[in-house]
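Chain by chain, the residues:
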Amino acid sequence: MISLQNIERIFQVGDEEVHALRDVSMTATDGDHIAIMGPSGSGKSSLLNILGLLDRPDTGSYELDGVKVSELDEKEQARIRRHKIGFVFQFFHLVPRLTAFDNIALPLMLAGMKQDERQARVTAALAAFGLGNRAQHRPDQLSGGQRQRVAIARATIMQPSVILADEPTGNLDRNSGIEVVEILEELNRQGITLIMVTHDPELGRRAQRQILMVDGRIEREAEG
Amino acid sequence: MQIRDILSFSLLAATANRGRTLLMLLAMAIAVSSVVVLISLGDSARHYVIDQFSTLGTNLLIVLPGRSETTGGPPPLLGATPRDLTLADAMALNRARTVRRITPIIAGSAPISVRSLEREMLVLGSTSELYEIRHLALSQGSFLPPGEPTRAEAVCVIGQKGKKELFGNQPAIGRWLRIGDRRFRVIGVLSSSGVSLGEDLGEVVIIPVAAAQALFNTSSLFRILVEATSPEGIEQTRKSILDTIRVRHEGEDDITVITQDAVLTTFDRIFKALTLSVAGIAAISLVVAGIMIMNVMLVAVSNRRAEIGLLKALGASRTQILGLFLTESTILSSIGAGIGLVLALLGMRLAAFLFPQFPLQLAPWSSAISLGVALITGVVFGVLPARRAADLEPAFALMRR
Ligand SMILES: Nc1ncnc2c1ncn2[C@@H]1O[C@H](COP(=O)(O)OP(=O)(O)OP(=O)(O)O)[C@@H](O)[C@H]1O
Ligand SMILES: [Mg+2]
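Chains as they are written, first to last, in my numbering: chain W, 1 to 224; chain P, 1 to 401.
One or more of the hints may lead you astray.
Unchecked claim - With a Cα cut of at most 20 Å, we get these calculated DMTMM-like pairs of lysine to aspartate or glutamate: (1) K75(W) with E120(P); (2) K75(W) with E232(P); (3) K84(W) with E185(W).
Unchecked claim - Just a sample of chain W residues kept apart from chain P, beta carbon distances all over 12 Å, derived: (4) G86; (5) D102; (6) Q146; (7) G177.
Note that these hints are calculated values from the structure, not bench results.
Glycine is no exception: its CB is placed at the ideal position from the N, C-alpha and C atoms.
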């Protein structure tokens with residue numbers, strides 16, 4: 001359960017103030033599938049960053065599963081990110097020197113899980129995302145679609161309740177893009193809340209709720 | 001995070017970027033090896049000098065005629081030349097309770113000849129006690145016979161090298177040699193104990209002190225060696241020597257007493273100070289290496305901004321990032337220090353090979369020093385970059401610009 005109330009986010013750029021988010025309120029129930037759309041610079045990524053605790057709002061409150069997370073300190077926020085939130089980015093953000101296996105194992109490693117315990121979980125994840133024979137490949141040896149699948153495997157390895165995806169298909173060709181979206185939708189069907197920023201209206205329509213942002217505001221919301 | 005994971009993650013990160021890292025490792029290696037080499041040289045020199053002094057004997061006091069300026073007190077009156085130390089003075093010292101044995105010494109150089117062979121050698125006039133006091137050893141025959149030091153028996157003990165030069169491979173015991181115009185019978189040959197503080201015992205001829213007095217036509221002693229009964233007795237002995245001689249010399253303090261301990265501790269202090277200051281100078285190169293580490297790490301942080309943002313997104317806290325980057329800089333400095341230690345070892349081996357007469361070796365705590373230096377440098381110069389990494393805002397770090 002996610003609840004944003006009157007979120008403002010203002011960036012100071014030189015002498016100018018940029019209102020990235022203006023009075024944004026929204027809620028999402030568990031298992032929702034939400035598409036966030038809107039023109040470039042309208043605040044979609046800013047909203048996702050607030051939802052993912054990667055950024056703090058200037059005003060407003062954020063409640064996640066009944067906890068006022070906007071009031072938590074840095075360490076506790078890191079714990080929430082680790083256990084409840086999975087991120088998928090447009091540019092994959094895989095660590096270039098690590099293999100697919102080690103990239104997927106990263107969250108488990110940061111959480112302090114022992115190596116032998118990680119082994120089974122990561123191997124299962126690799127198989128589940130069709131990467132069974134790519135375990136020891138580094139990112140530069142993988143195609144775009146494979147990289148994004150590694151990223152999704154990494155985002156879900158801690159069994160989060162929410163996946164936040166910022167234009168996950170933005171860097172992929174059409175077929176790989178559809179493949180990735182289908183994987184995300186499948187995860188959503190299994191009960192994970194999926195919030196995805198996209199420029200592609202067709203992808204947006206597949207979501208059960210569409211939020212349209214313009215100039216830092218939620219302009220309109222549609223169910224479909 | 002598991003320690004093992006922190007180490008392997010940081011090691012991989014530290015070694016991923018070769019060119020820049022290599023240069024920095026070189027700087028660190030040179031810095032550490034110069035520190036270790038200089039400390040080792042200083043330490044070797046200290047050991048050398050102290051060993052040399054220890055071979056003199058144990059609980060040793062040396063009495064010299066004349067007052068040393070460093071002992072303080074009023075300067076001698078105009079024209080008051082110091083009285084000679086005499087054999088009687090030496091014998092008088094024997095009466096103190098804390099004195100185990102004494103031996104007088106007269107030294108001088110004289111031509112030694114056997115038939116037509118002639119060599120200039122150091123002649124020491126002494127007594128049988130010299131054998132124990134100086135820890136001498138014989139390879140053949142016996143030492144000067146005990147007895148009244150005033151008896152000038154015509155016998156001598158010669159050094160190993162002198163024996164070779166004068167008698168070749170022939171047996172020397174029982175043969176006669178000439179010192180100046182006097183004849184002496186060889187009764188013993190020293191074993192080769194090498195150089196001891198400039199006195200080459202290989203080329204020495206030891207004769208009874210009374211014989212030396214006659215030979216050099218003098219009654220004054222070069223010095224008196226006194227062995228105290230115990231290390232605790234040394235100070236007491238020093239006082240009683242000064243008292244005895246003062247009484248015998250009409251109230252004048254005109255001798256100098258050097259205790260071996262005092263000399264040893266002075267040398268020890270001087271060498272330690274010297275070693276430390278030289279190492280301190282070498283440590284400046286460590287600062288240079290440290291700044292290079294800092295630079296490498298700062299570049300790494302700005303190159304890997306996205307990665308840091310990602311780690312935070314995956315649930316890494318500020319402290320975790322701080323730890324990862326500190327580990328990385330410490331791994332870098334440790335690898336550099338390890339290479340430096342090996343370089344230092346090779347350097348000292350080479351020096352020992354080139355100068356075999358000196359006991360040159362790596363100081364025993366070199367590896368501890370390098371490890372300590374590596375940890376301190378890595379942490380001190382890694383703090384700034386690591387904090388910069390830890391303080392990155394994740395949303396900002398993940399932005400593609
Ligand atoms: N760290 C920042 N510093 C200054 N301004 C920022 C920062 N992040 C975002 N902004 C500004 O906030 C506004 C919203 O940016 P945001 O990235 O949320 O837009 P977006 O909808 O995701 O755009 P796009 O579709 O291009 O990704 C923009 O005007 C942007 O310039
Ligand atoms: Mg965006």
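Hints, verified against the model:
no.: 1; hint: K75(W) with E120(P); in the structure: 86 Å, violated
no.: 2; hint: K75(W) with E232(P); in the structure: 64 Å, violated
no.: 3; hint: K84(W) with E185(W); in the structure: 18 Å, holds
no.: 4; hint: G86; in the structure: 9 Å, violated
no.: 5; hint: D102; in the structure: 9 Å, violated
no.: 6; hint: Q146; in the structure: 18 Å, holds
no.: 7; hint: G177; in the structure: 19 Å, holds
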